[in-house]
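Order-wise, the sequence lines are chains B and U.
For what it's worth, numbering that gives the first Met the number 0 labels the leading residue of the first sequence as 0, then goes sequentially.
For what it's worth, numbering that gives the first Met the number 0 labels the leading residue of the second sequence as 0, then goes sequentially.
Honestly, the hints are just simulated from the structure, not real lab data.
Since we're looking at a predicted model, the values are computed, not measured.
Cβ coordinates follow ideal geometry from the N, Cα and C atoms, glycine included.
Do not rely on the hints blindly, as some may be mistaken.
Here are the simulated distance ranges between beta carbons [unchecked claim]:
hint	chain 1	residue 1	chain 2	residue 2	range
1	U	T232	B	Q57	38 to 46 Å
2	B	S129	U	L283	19 to 27 Å
3	U	T263	B	A151	57 to 65 Å
Once the Cα atoms are required to be at most 30 Å apart in a straight line, the calculated DSS-like pairs of lysine-lysine come out as [to be verified]:
hint	chain 1	residue 1	chain 2	residue 2
4	U	K184	B	K153
5	B	K118	B	K153
6	B	K153	U	K146
These are the residues of each chain, in order.
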Amino acid sequence: MFKKFKKKGYYFIIDAFIGSTIIFLSLMIILNEGVRPTKIQYNYEMAEDYSSFILNTQIKDVVRNPYVNFLVNDEQSINDTSLTIMNQVNMFYFSGGADNMDRARMMIENLTDQLIPEKYGFSYNIIDNSTTINIYNRTIDTDIKDAELVIASKKITFLQVNSTTMFGPAMTEIKIWI
Amino acid sequence: MDIKLHQRLIKKFNKKAVLFSLISVLFSVLFITIFSQNFSTLYEDRIPGSNIRINVLDVYVRNFETYIGDSARISTFRTLDALTTYSNNRHQFFNNSTDFDQAFSDCMIYNRVNGVDCGLGQYSLTARLDDIANLSNSELNIKTVYKINSVSIEQDFAFEVEIKVNISYNITDNSDENYYAKWTKEIVITQPVSIIGLQEPTGNINDSTNRYNRTIKRYDGNCKTNTSIECWTPANIIQFYQDQSFRLQPNSTSFLQRYWNDKTPSDKLGIETILHPSELPLPLNLNHSYTEQHYWDAAYTCNNSTISIGIYSITGDNVSLDHNTAIIYGLSNSSIKTICGT
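Could you build the full structure based on these sequences and the hints that come with them?
What follows is the structure, encoded as C-alpha cells:
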C-alpha cells in the first residue's frame, strides 16, 4: 500500500512543478512590463536616427528619389554623388542664393517626409557662427513653441568645398516635436 | 472508505489534474508568444539612455578624425602656397629639405616661420582643431583635448604630395567623464593633397618683379607621358606650349625639391613646362633655355660650351630652347630662327 501511495506522489510533484512554472512565467511577463523605458526615449532615439541617416547616407544611395534624381541630372545642382545628404545641404547653403536654399529645403522635404510619421513636426537647421538658419520646417497642428515634447539631435558638420576652402565646423540640428 | 475506493478516486483526480495542467501550459505558451512578439517590435525597448549619449560621443569621435583629415588637406595646400610667398618675399630658397620640413611643420601647425606670421590665419591646423574643440564643448558638452605630435610631408606622385599628421587626443563627456565614455588615442592620419592650383615655387621665388605667377596645371593633351620624338609633332608642341601646363619629365625636378632649389632630376616625380616670354621678368633673356627648370638658374646659356641654344618660333613667340630639350620635343634644326650667339 505504501508503494502505491509513493507512485501517486509523483503526479502531485509534477503537477506542482508545472504550476510553479506557470506562476514564474506569469511573474516574468508582469515584471518586464514595469521596466519598459518611457516614450521620451523613443522620440529622442528617433531624432538621433534621422540625423544619423542624413549624416551618413550618400546621395548616390538615395538617387532613386525623384527629386534627388532631378538634382543629379541637373549638373548645376549636384556634381558629386559621393557627398552625404548633410554635406550636400551644406554645399547648397555654402553656395548661397535663393535657388540653392530652395534645393536644400526640397531635398530634405522629399527625403524625410515619407520616413517621419505624420504626427511629428520636423525641422532641419544649420547653426553657423551662432546664427540659426532654418533649412526645412514641417509644421503640424501643434506649434513647436506649444509642443508637449521637443527633442533635438545635434551633429557637428563640415565640408571641404575645394582645395583651399572649408565650410564649418558648424552644427546641424534636427528637431522633432509632438 | 475502503482502500480500493480511495485509490480509484486519487487516480481519477490525478488524470484530470494533469489534463488541466497541460491546458494551462498551452495557454501560457500562447500568451508568452504573443507578448514576446510585442516586445521584440517595440522600439523603445532597444537601448538604455546612457547608450544614446555614448552613441553621440561615438559619432563625434569618428567625425573628429574625418575633420582632422579634411583640415590637414586644406592646411597643407595653403601652407605650400604660404611658403612660396614667404620665400618670394625674401627672394631666398630654403637651405635644404630639413630646413623646408621644419618651416612647413611650423607654418602648418602654428602659422609661424622663424617667428614670422606665415599668413595661414584661421587655416593653420591648430586654429582648425581649436574651432571644433570649442564647438563640441559649447554645443555638445564634449571636451576635446588634443596634441599635434608632428606633421610631415612627402611626395610619391608627380602631381600629389602626402601629408602625415601624428596626433594624440582625449575626448570625454563633460557632463560626467567618469560615468559615460572616454576616448584616448594616438593616430597618424595620412592624406593625399593634389598640387594642382599651387604656385610653382622656382619661378615665383626667383622672380623679384612678380611678373611670373604660373600655377601648377597638369598637361592632359597629346604626348602627356610620351617622350618619343615621333609623338611631338608641331601641332602637339603648340598645344603643350599654349596650355601653359606641366608634364612628367624624368630629367626635371619634383615639386617639393623646388622649395630648396634642388636640381637633381627626379625620375618619377619630375615635372616640366615651357615658359612664355610674356610671363618672364624684363628684359627677356633669350640666351637662356625656356624650359622652366633651366631658365632660372641659367643652366643652359650661350656660354655653355656643350649645349647650344636655339630660338624657335612657336605660335609667333620667340622661344629659346636648349638642344637637348629641342630633340625631346622633336624640334628640327629647320625650325630654328637663330642660334644663340650668332
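Next on the checklist: Range first: 57 to 65 Å. Now tell me if the beta carbons of T263 (chain U) and A151 (chain B) are that far apart.
Outcome noted: holds (59 Å)
Item to check | Straight-line alpha-carbon gap K153 (chain B) to K146 (chain U), limit 30 Å | outcome: Holds, because 26 Å separates the two Cα atoms, which is no more than 30 Å.
Next on the checklist: A range of 38 to 46 Å was offered for this pair. Does it hold for the Cβ distance of T232 (chain U) and Q57 (chain B)?
Outcome noted: holds (44 Å)
Item to check | Supplied distance hint 19 to 27 Å, evaluated on CB atoms of S129 (chain B) and L283 (chain U) | outcome: violated (55 Å)
Item to check | Restraint status (C-alpha distance of K184 (chain U) to K153 (chain B) at most 30 Å) | outcome: Given pair K184 (chain U), K153 (chain B) holds - Cα atoms ~24 Å apart, limit 30 Å.
Item to check | Straight-line alpha-carbon gap K118 (chain B) to K153 (chain B), limit 30 Å | outcome: holds (22 Å)
In this structure, the one hint that does not hold is number 2.
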